[in-house]
Structures are given as structure tokens and as C-alpha cells.
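Enquirer: Here are the chains, one letter per residue:
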Amino acid sequence: MTVIDRASVPYRHGAAATRPVVRLRGITKTYRIGREIEVRALAGVDLDINAGEFVAIMGPSGSGKSTLMNILGCLDVPDGGTYELAEANVGKLSDDQLAAIRNKHIGFVFQTFNLLSRLNAVENVELPLVYGGDRHDRRARALAALGQVGLGDRVKHRPSELSGGQQQRVAIARALLNDPSMILADEPTGNLDSHSSAEILAILQRLNELGKTVVMVTHEPDVAAHCRRIVRMRDGIVSRDEPVLEPRRAEDEIASGIGATR
Amino acid sequence: MKLYDSFRSALQSLVVNKLRSALTMLGVIIGVASVIAMVAVGNGASQQVQNTILSLGSNLITVSPANLSDQGLRGAGAQAQNLTNEDMRAIQAQLGPTIAAIHAEQGAGRWQVTAAGTNWNTNVNGVSEDYPIVRDWPLQSGDFFSGSDVTTNAQVAVLGSTTALSLFGDSGAVGQTIQLRQVFGGGGQGQGQQRARIVNFKVVGVLEPKGSTFGFGRDDQILVPVTTGQRVLTGRLNIVNTIVVKATSSDAMTETTSDVTNVLLERHKISDPAAADFSVTNQNDTLAALGAVTGTFTLLLGAIGGISLLVGGIGIMNIMLVSVNERTREIGIRKAVGARRQDIMFQFLIESMALTGIGGILGILVGWSITLLVGLIPQASGLVLVITTGTVVIAVGVSVAIGVVFGLYPAMRAARLHPIQALRYE
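Protein sequences appear in the order of chains A and B.
Residue numbering for the first sequence follows numbering that gives the first Met the number 0, starting at 0 and increasing by one per position.
Residue numbering for the second sequence follows numbering that gives the first Met the number 0, starting at 0 and increasing by one per position.
Please keep in mind that the hints were generated in silico from the structure rather than gathered at the bench.
Careful, some of the hints might be misleading.
Claimed, not checked - For each label pair, taking beta carbons as the anchor points, the in silico distance ranges come out as: (1) L209(A) / L407(B): 37 to 47 Å; (2) G25(A) / V14(B): 45 to 55 Å; (3) D152(A) / R415(B): 33 to 43 Å; (4) Q110(A) / R19(B): 39 to 49 Å.
What the hints assert, rightly or not - These stretches of chain A come out as covered by chain B in the derived footprint (C-beta under 8 Å, 3 or more residues): (5) 64–78; (6) 156–169.
Stated by the list, open to error - Calculated Cβ distances over 12 Å to all of chain A for the following chain B residues: (7) S12; (8) S160; (9) V198; (10) V403.
The beta-carbon is built from N, C-alpha and C at its ideal position, and this holds for glycine as well.
All chains should be modelled from the sequences, with the hints used to inform the complete structure.
Expert: Below is the structure:
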């Protein structure tokens, strides 16, 4: 793994410089804790992510990676700077407009899975289509997505009847449903054993190979090593931005029985 | 979010928390049931009061002597004795077909009655021949005495059904003779000083049973021609206590009332209506006054029910707030996958409306059962419990509205949650 410091240089992956999915310029965000204390979580972030990339965002706690994640996911809006997602400026949209963007363009995968316990697997996967899209092909699309993550035989199971790895695969199927511009995974293997982690990483890698843009926040170098590019955060700015020349293959690790070590 | 999904999701969450939903609904059920039952009892009571008034005869205008209030005195018996048989006949002649019927009445007090060896004590009334028409009171057997019986002071009598039964049992009363007797003077002073007046009457008819009015049995009485009563029973010749006019219809009552007043004013040679020595009471006025009273009564009962409905509504709000709190994470997840504020708001609103709507329907059933039970209580027999469509529509409408009103605040709280904070909520 060769490390190149590219903190200030917009990154272009590989030879094919495709259209940018994410374009951040000078993003700032300040939180106020109590009355007096202000915390500058982001101090001017520039970041481009192109279609088809598999990016890991790393950094110690307090580096601003969670805030960056929230802004990338349109769960929060920046105080300053511009954010273009799929060539639309989403920096200053209303709550409801952001909700529509999340629905169409972003597929979330969370550390704690965040499935609705009352709904079974296929109903959980359908959820994005409940809030956007037609009802008529909803079930068929949800079943297809579950098939894609290898859970075609577990569609009627509730989250409590599934293992952690299976729950996360349901979450990935849900993230895929609206064919989003970007899959945003926040520590997706944080709550999983090494074998399940390898399975999840294998699914994400396969989706990336099929052309999906994947952005993953993690603090584990072993997990980040499966990505093709690593963006490191420190003190609210991008401190390093480097490609991974030889990403690890999760499928090979599963085959050889090693699993992604933690 | 489509309506279908909102409903599905709302019902799902109600089913998941069965006990909680049931208990919350109970508040609404009790509220709606009490509104339904209370208003039904209130409506039933006013219906009963109205029926009682109308059972005295419908479209009645009553003329009675004015109270004497000179020198501020006003007491029992302090009435002018200035209505006469001729007054009644004059109204009858002058108003002719513009009235349905008319009769005059003079009470003759209580008399001891004997017939076929049985003894009875009852009230005797002198009335004129159109009494059955005015009072809407048909005869069970025989005929009412005629106008010529009245002019000739015939000693004939018509019995109330209770009186007839007491005197003659099941055997026919018509054609039999009764003796009216009244004992004067003496008392305990000694037999020799007592004098008794004894008058024979021939029974010509028996009235149908009519039940009681405000607790007074009306089937125990003897009716005799008013002139006969004046001559042989009371000795107050030509004086009547009451003249009762039956108007042709409810609409005609106001006009008939003023016609009757005018005839009497002219006959009594009084120019100022305020100085009239008689008073004319219109049954519609009585009904309206009583209607106002019973309406207030019904409103009061409804308000009591309404308070329990309000308490039920507060219960809804409470439980919805708990539910929003519990499901903060769910709200975060839904928002993350694209739920807008209004989607979340409708989800919770529909949930509370489903709670109150189902509670309202169950409440109607419970309220209806309560009215059936109330109908079984002996004291309430005869009370017609009226559940109108209006009551039902209002009860369901109000309970759904309560769902909206008390569900709105929790739903808005849910809708306003920030997705990040909601997702992080433990």
C-alpha cells in the first residue's frame, strides 16, 4: 500500500475520470454545546467523490468524520461552503427537500443496522419506496434486492430472528432499493464478528464492482484496506487522501477462512 | 407516503401494543358511551314529559279564572268565580268550526260511591259533552253523555276504568246504578247529628285506561254532566272552573287563543286585556317551556359525558407522547430513508385517530347497551330511550376530532425530530 499525501489535491480515481457524485467545497460546521462552548467540527472540507468509487473515511474521534458523514448523507446541512450531490446543490435545502434527496440519492447502512423491529425483512427493505415511488412493483423490487444480498430465503423473518450479519444485509438491500447515487455506510462492520464483517465487505465490494459508489466511515485500518481510496480526517479538515493500490478482497478472505481481522 | 401505508402502519402499531391500545381506547369508549347514554336518557325524559302533556289532549287552550291578587293576597281558593256555562256556549257558538271542540269543567270534590254492595271513594267531575273529543279519550264501553243530558241535568255518569273495575269488577258497569253520598257535619260528635246526601246516577259509559300524569292516576274518576254536578252535587250553579278549547291544529293555536280571549273580554265587558278576570293558557307555550327545561337537562347530562370524553382525550395525548418517545429511533430511520415531516405527522395522527375512532364505535355499542340496561330498571319503565342518528354522528365525529386535537401535538413533536438526534436516541 503506497501512501500519497493528497490533502489539497482533488482526487481522480484511476484512468477514467468520471462525473463527480459528490463535490464539497469549503464545508464548515460548528456546533454549540450549552450557551458558551462552540465546537468547530468541520473547518473547511474540500472533497470530490466520483461515480464508481469505493472510499473509506477515517479519522480519530473528534476529527469531524461523523459530521462529514451526516452532511454527505443530507441528514444535516453545513454552515458554510457548497455541497453538490449528483450535480445538484443540496447545501441549503429545507428538511422536506433533504428528505426527498435522501430517498432518491442516498442509501444508508448503519453500524446498528437500524431496522424496524416490527417489520419483517422484506417490509424493511420496502421502506424507501413507501416514501417515494409506486406501490405496484414495490414488493418485487424489495425481493430482488434481498436476493442480491443472498437473503432470498429469509424474506419473512423479523430482525430479531436474523443474525447481525443477516440484519446488515437486509439494511444493504434497503439501501439499494431506490438505486441511489451513493451508498453511505457508517461503521457497517462495527457490530459484527470477523466472518460476518468479511461477508458484508464482500457484498459492498461486489456492489462497487457493479458500478455503485460506496462511501464508508470506519476507524479500522483492516476494514478500510478493502476500499480503493482512503480519506483521513483530522481537526475538521481532510488531512490525507490516498488511493489503495491493492485493496484486500473480502471474498478471498472468506474462501481462505481467514476473515477480516478486527 | 400513501394513505394505505399510513393506515397499515398505524393499525400495526396498535396491534403490537394491544393492552396499551385497549386501555387508552377505554377512556374514549367510556366517554362516548356516557355521552350516548346520558343524552339518550335526557332525550327520553323530555320525550316522556311531552307525551304526558299531550296525553291530556293535544292542541289545548285552557281558560281559567284569573288569580285574585288584590291587596297582594293570593292563596288557595282565591280565584274569581266568573266563568260560566254561558261563556263556554258563547265560545262554542261564536268560534264554531274554527275550533275542534270545547268543554267546561267543574270539580265536585270527593264522594263516597256505592254500587252492588261495594264501596269506593273517588273524585267527581262535572264536564260537558265534548270532553272525550277535547281530551282525545275514547270510551271502553257504552257512550259518553250527550248535549241534551247536559241541558236536562240528567243523572248519568261515565266512569274511569279503575273506578269501574273497583265497583263492578269484570262484570259490565254500563247500565248499572251508582250512589254518591257525602256526609256532613257531626264527625265524632255523635251519629244523630250527621246528615248524608245521597244521589243516584246511572252509568252510561266507561273510559279507556290512560295511565297517570305526573304521578296522579287519571283512571279513577267519575264524570257527570257539568249542570247536574252544579245542581245536585256542589250547588254552585252555573259556575265552571275551567273551559278547555281544542284548536283544529297546532298552527291554529295562536289565532284560536286570541279569538277565545276576545270573545270572553267582550262578554265580560273588559276593554283592557291586562285587566282580564280570566287567564288563557296555550298548551304550546307549556310544551315550549318544558322543552326548554328538559333541553337544559339533556345538555347538562351531555356535558357530564363530555367531560369523561375530554379525560379520555387527554389519555390519548399522554399515550401518544409516550409512543413518540419510544419510537424516536423508528422516526429517525424513517426520516433517513426519506420520510418527510408530513409523513411522520400523518402516521401518528392516523394512529391517534384510529384509537379514538375505534373507541368511538365501541363506545356507541356500549352506550347503546347501557340504555338497554336502563330500560330494564323498573323506575325507568316508560322512559323511551332515544338514540338518534345525530347523537351517533356527533359522538363519532367528536371522538375522531379528539384524536386529531390530542394527537396533533405528539404528532408534530414526532415530525419535528431531527433525524440525527432521532437516530442516535437510545
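Enquirer: For each hint, tell me whether it holds in the structure or not.
Expert: Status of the hints after comparison with the structure:
In this structure the supplied range 37 to 47 Å holds for L209(A) paired with L407(B), their Cβ-Cβ distance being about 46 Å. At about 50 Å, the CB distance of G25(A) to V14(B) agrees with the hint of 45 to 55 Å. Checking the proposed 33 to 43 Å range against D152(A) and R415(B) shows it holds: the Cβ atoms sit about 40 Å from each other. Against the hinted window of 39 to 49 Å, the Cβ-Cβ separation of Q110(A) and R19(B) comes to about 31 Å, which falls outside the hint.
Residue count for the segment 64–78 of chain A with a Cβ under 8 Å from a Cβ of chain B: 4. That meets the three needed, and the coverage hint holds. Under the rule that three or more residues need a Cβ within less than 8 Å of chain B, the assignment of the segment 156–169 of chain A is violated, with 0 such residues. Here S12(B) does not stay apart from chain A, with its beta-carbon only about 7 Å from theirs, under the 12 Å limit. With a least CB separation of 70 Å from chain A, S160(B) remains clear of the 12 Å interface cut-off, as annotated.
Even its closest Cβ contact with chain A, about 91 Å, leaves V198(B) beyond 12 Å, as expected for a residue assigned away from the interface. Separation of V403(B) from chain A is adequate, the least Cβ-Cβ distance of about 22 Å exceeding the 12 Å criterion.
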